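Visitor: Each chain, written out:
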Amino acid sequence: MLIFLVVFPFVLLGFAWAAYLAAGALAGLAVEAGLPASYGAAASNLLFLMVVFLMVSSSFLTIGERKWSALMQNRVGPNRIRILGNPLAGLPYLAADALKMLTKENIEPALRSRLLYELAPVVSFAPAFVLFAVVPVGPEALVGGQRVSLQVANPDAGLLYLFAIASLAVYGTSLAGWASNNKFALLGGVRASSQMISYEVSLGLSLVGAMMAYGTLRLDVMSLRQGDLLWGWLPALGVLLQPVGLVLFFTSAFAETKRAPFDLPEGESEIVGYFVEYPGMKFGMMMLAEFIEIVVLSGVTAAVFFGGWHPVLFEGWLRTNLQPVAFAAVCAACFLGKTLFLAWVQLAIRWTLPRFRFDQIQKLCWKMMFPAALLNVFVTGALVIADPSLEALAAVGLLELAALAGLTAAAARAAPAAAAQQPAHAATAPGH
Amino acid sequence: MPYAIPDRPADVRERLFVPEAIRGVGIIMKQFLRNFFLQRDPNPDVLARRTPNATIQYPEEKQPYPPGYRGLHRLVPREDGRPRCVACYMCATACPAQCIYIEAGEVEGDPIEKYPTAFVIDELRCVVCGFCVEACPKDAIRMDTGLHAPPSYTRAEQLWDEKLLLRGPPVSYQQDPWLRRSAPGLEPAKVEAMRQAARPFAQGASDEYAHTPGFSVRALAAEAKARGE
Numbered sequence: 001m002l003i004f005l006v007v008f009p010f011v012l013l014g015f016a017w018a019a020y021l022a023a024g025a026l027a028g029l030a031v032e033a034g035l036p037a038s039y040g041a042a043a044s045n046l047l048f049l050m051v052v053f054l055m056v057s058s059s060f061l062t063i064g065e066r067k068w069s070a071l072m073q074n075r076v077g078p079n080r081i082r083i084l085g086n087p088l089a090g091l092p093y094l095a096a097d098a099l100k101m102l103t104k105e106n107i108e109p110a111l112r113s114r115l116l117y118e119l120a121p122v123v124s125f126a127p128a129f130v131l132f133a134v135v136p137v138g139p140e141a142l143v144g145g146q147r148v149s150l151q152v153a154n155p156d157a158g159l160l161y162l163f164a165i166a167s168l169a170v171y172g173t174s175l176a177g178w179a180s181n182n183k184f185a186l187l188g189g190v191r192a193s194s195q196m197i198s199y200e201v202s203l204g205l206s207l208v209g210a211m212m213a214y215g216t217l218r219l220d221v222m223s224l225r226q227g228d229l230l231w232g233w234l235p236a237l238g239v240l241l242q243p244v245g246l247v248l249f250f251t252s253a254f255a256e257t258k259r260a261p262f263d264l265p266e267g268e269s270e271i272v273g274y275f276v277e278y279p280g281m282k283f284g285m286m287m288l289a290e291f292i293e294i295v296v297l298s299g300v301t302a303a304v305f306f307g308g309w310h311p312v313l314f315e316g317w318l319r320t321n322l323q324p325v326a327f328a329a330v331c332a333a334c335f336l337g338k339t340l341f342l343a344w345v346q347l348a349i350r351w352t353l354p355r356f357r358f359d360q361i362q363k364l365c366w367k368m369m370f371p372a373a374l375l376n377v378f379v380t381g382a383l384v385i386a387d388p389s390l391e392a393l394a395a396v397g398l399l400e401l402a403a404l405a406g407l408t409a410a411a412a413r414a415a416p417a418a419a420a421q422q423p424a425h426a427a428t429a430p431g432h
Numbered sequence: 001m002p003y004a005i006p007d008r009p010a011d012v013r014e015r016l017f018v019p020e021a022i023r024g025v026g027i028i029m030k031q032f033l034r035n036f037f038l039q040r041d042p043n044p045d046v047l048a049r050r051t052p053n054a055t056i057q058y059p060e061e062k063q064p065y066p067p068g069y070r071g072l073h074r075l076v077p078r079e080d081g082r083p084r085c086v087a088c089y090m091c092a093t094a095c096p097a098q099c100i101y102i103e104a105g106e107v108e109g110d111p112i113e114k115y116p117t118a119f120v121i122d123e124l125r126c127v128v129c130g131f132c133v134e135a136c137p138k139d140a141i142r143m144d145t146g147l148h149a150p151p152s153y154t155r156a157e158q159l160w161d162e163k164l165l166l167r168g169p170p171v172s173y174q175q176d177p178w179l180r181r182s183a184p185g186l187e188p189a190k191v192e193a194m195r196q197a198a199r200p201f202a203q204g205a206s207d208e209y210a211h212t213p214g215f216s217v218r219a220l221a222a223e224a225k226a227r228g229e
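Just so you know, the protein sequences line up as chains W and G, in that order.
Read in order, the letters of the first sequence correspond to residues 1 to 432 in our numbering.
Read in order, the letters of the second sequence correspond to residues 1 to 229 in our numbering.
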């Protein structure tokens with residue numbers, strides 16, 4: 001386990017370095033062929049970031065979910081497939097799952113709506129996949145004479161692209177529910193569409209604060225500006241400027257991914273879910289889309305709120321003492337590490353909180369998160385206008401973080417006290 | 001232990017969700033880190049484990065059976081390698097599932113002694129009641145192997161005959177008739193050796209016949225007494 005912890009950062013670093021070198025090489029090739037250098041870099045990034053990193057990490061997360069949930073719940077987890085007597089932390093299950101999914105019998109409901117039924121897995125998989133295109137994994141660096149950065153596409157619309165594509169995901173789920181000709185699937189699809197459309201509102205509003213604070217929609221600029229120092233020493237991280245925005249964004253994005261505690265569209269114990277009629281790899285694509293959404297959500301959260309690719313600690317020292325490409329690779333590895341850590345946090349939340357009731361979900365969205373997001377927008381706007389250096393915003397953000405820490409500590413203190421008081425409460429209960 | 005949960009409206013901190021969620025994730029993280037860094041303790045005694053994991057990895061790790069556990073039958077052999085069974089049909093008569101089939105044969109040259117030419121137990125019909133062990137006057141059948149009937153693909157493999165059943169350490173008693181008056185099938189020197197190894201007649205109840213190897217009710221009782229229970 002310790003070996004894993006030591007080796008893993010170097011794996012990320014090597015991967016990031018290779019991605020930079022490949023991007024530089026392909027950009028050079030593109031220039032030789034008479035194309036813009038960004039075409040070559042984009043092709044390389046498409047391969048390295050989306051096909052390799054996104055797909056590999058999300059498919060590993062399917063194993064991580066099982067194994068980590070076992071560790072969280074004091075179980076053992078999958079370990080029956082062994083190679084030379086070693087369960088390899090459950091990794092052989094990847095191959096077994098893929099083989100199982102691909103070789104399953106294709107059972108389809110007779111009265112399905114054929115075109116929509118076949119389309120739904122694609123429509124739910126594709127938006128989740130292309131979302132990662134705008135995530136800025138690494139800073140710009142000069143590799144082989146070409147300026148390349150680890151970002152597949154860099155549209156000016158940045159976050160708007162994100163919202164636009166993310167709202168396409170609802171079509172996949174509601175189509176799957178509707179086209180299956182199954183009441184439970186339809187129920188799941190309806191639940192999914194109402195939940196996802198509701199949470200899109202607070203999802204969008206929660207990032208408006210960050211847009212105003214950094215004055216941009218582009219995720220790479222947002223990442224870059226988080227390296228600015230406030231008061232000369234504090235990096236302007238999104239989590240410091242926008243703690244409320246972070247909580248709201250993380251929660252609404254969680255609801256968008258349809259995972260516990262917002263997994264009513266799936267609700268295995270009651271309605272199985274909108275994909276109940278999908279066999280084999282069609283279901284596999286929907287499941288994989290869910291895990292891809294986790295990685296994408298982690299990536300966006302890391303880019304907007306946790307300093308993007310900035311290593312934050314020792315950044316000045318690293319910048320002066322490393323080669324530019326090496327520094328960029330370290331930055332990208334930091335970003336990948338942050339992304340994977342946030343993915344772990346999402347799994348931890350999934351295994352911590354029980355499922356909300358449906359009225360609770362809507363109440364949480366419309367009566368708590370939506371007003372809070374609006375308030376956050378107004379407060380942020382006022383503070384940014386009052387103090388364009390963002391220091392007032394950071395001061396308020398730090399106050400909010402301190403309040404949250406205080407409330408959490410109070411919760412931790414109150415819980416043992418409440419447990420101790422329970423007999424007293426029970427004794428006095430009839431009197432109340 | 002049941003306890004009353006005070007019915008009070010949620011306070012601001014709880015309605016905010018976030019502090020309580022953070023606290024929950026903190027607890028989960030503690031569990032995760034403990035299980036991630038500590039090696040799982042495979043001690044089959046779950047309550048004595050150092051780590052909180054309660055799983056027993058069944059085929060590799062097995063829970064110890066309690067004393068008196070009735071496992072797969074065995075026929076107790078004599079020192080000369082033949083079963084102690086005298087084909088009296090007591091066990092087959094006692095068996096409520098009628099799973100014991102015995103064919104008796106006469107010992108050659110002996111006017112009295114019989115032995116089982118076939119002794120078959122259908123482990124699929126057996127209800128593991130242990131009546132056969134209780135019924136046996138010769139301590140010839142026991143259920144102290146501590147094993148299950150192993151799984152098989154055919155029903156025929158669950159018919160255990162005397163060749164499969166005959167196993168374990170040999171046992172002789174001083175009251176065994178073939179030791180008291182010798183027997184035509186046994187050499188005199190062998191009989192003398194068996195007489196030397198024979199156990200005395202049991203005077204009281206003993207836990208010896210029924211218990212699983214490695215366990216002793218008496219030892220456990222002595223331990224409990226030493227602990228002051």
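Hints were generated in silico from the structure; no laboratory data involved.
Note that the structure is a prediction, hence the values are computed from the model and not measured.
Possibly wrong hints are sitting among the right ones.
Here are some of the chain G residues that sit facing chain W, going by a computed Cβ distance under 7 Å [claimed, not checked]:
{"hint": "1", "residue": "A10"}
{"hint": "2", "residue": "E20"}
{"hint": "3", "residue": "R23"}
{"hint": "4", "residue": "V25"}
{"hint": "5", "residue": "I28"}
{"hint": "6", "residue": "K30"}
{"hint": "7", "residue": "L38"}
{"hint": "8", "residue": "P42"}
{"hint": "9", "residue": "P52"}
{"hint": "10", "residue": "T55"}
{"hint": "11", "residue": "I56"}
{"hint": "12", "residue": "Y58"}
{"hint": "13", "residue": "C88"}
{"hint": "14", "residue": "H148"}
{"hint": "15", "residue": "S152"}
{"hint": "16", "residue": "Q196"}
Okay, derived cross-link-like pairs now, DMTMM-like style, lysine to aspartate or glutamate, Cα gap no bigger than 25 Å in a straight line [as the list claims (entries may be wrong)]:
{"hint": "17", "chain 1": "W", "residue 1": "K100", "chain 2": "G", "residue 2": "E14"}
{"hint": "18", "chain 1": "W", "residue 1": "K363", "chain 2": "G", "residue 2": "E123"}
{"hint": "19", "chain 1": "W", "residue 1": "K367", "chain 2": "G", "residue 2": "E123"}
{"hint": "20", "chain 1": "W", "residue 1": "K100", "chain 2": "G", "residue 2": "D7"}
{"hint": "21", "chain 1": "W", "residue 1": "K183", "chain 2": "G", "residue 2": "E123"}
{"hint": "22", "chain 1": "G", "residue 1": "K163", "chain 2": "G", "residue 2": "E223"}
{"hint": "23", "chain 1": "W", "residue 1": "K367", "chain 2": "G", "residue 2": "D7"}
Backbone N, C-alpha and C fix where the C-beta goes; we use that ideal spot for every residue, glycine too.
Visitor: Could you run down the list of hints and mark each one as holding or not?
Guide: Hint-by-hint comparison with the structure:
1. A10: The hint is violated - A10 (chain G) has no Cβ within 7 Å of chain W, the shortest such distance being about 12 Å.
2. E20: 6 Å, holds
3. R23: 5 Å, holds
4. V25: Interface hint status for V25 (chain G): holds (5 Å vs cutoff 7 Å).
5. I28: Holds, about 5 Å.
6. K30: Violated, about 10 Å.
7. L38: 9 Å, violated
8. P42: Not OK, violated: P42 (chain G) not within 7 Å of chain W, min 10 Å.
9. P52: Where the cut-off is 7 Å and the nearest Cβ of chain W is about 5 Å from P52 (chain G), the hint holds.
10. T55: This interface hint holds because 5 Å falls under the 7 Å limit.
11. I56: 10 Å, violated
12. Y58: Constraint on Y58 (chain G) not satisfied, violated at 11 Å.
13. C88: Nearest chain W Cβ about 48 Å off; hint violated.
14. H148: 20 Å, violated
15. S152: Hint on S152 (chain G): violated, closest Cβ of chain W at ~22 Å, above 7 Å.
16. Q196: Q196 (chain G) check fails; min Cβ-Cβ to chain W is 48 Å, beyond 7 Å.
17. W:K100 - G:E14: 44 Å, violated
18. W:K363 - G:E123: Roughly 61 Å separates the two Cα atoms, so the pair is violated.
19. W:K367 - G:E123: Violated - the C-alpha atoms of E123 (chain G) and K367 (chain W) are around 66 Å apart, more than 25 Å.
20. W:K100 - G:D7: Violated - the C-alpha atoms of D7 (chain G) and K100 (chain W) are around 49 Å apart, more than 25 Å.
21. W:K183 - G:E123: Violated, because 48 Å separates the two Cα atoms, which is more than 25 Å.
22. G:K163 - G:E223: It is violated: about 39 Å lies between the C-alpha atoms, which goes past 25 Å.
23. W:K367 - G:D7: 24 Å, holds
Checked against the numbered hints above, the structure breaks hints 1, 6, 7, 8, 11, 12, 13, 14, 15, 16, 17, 18, 19, 20, 21 and 22 and satisfies the rest.
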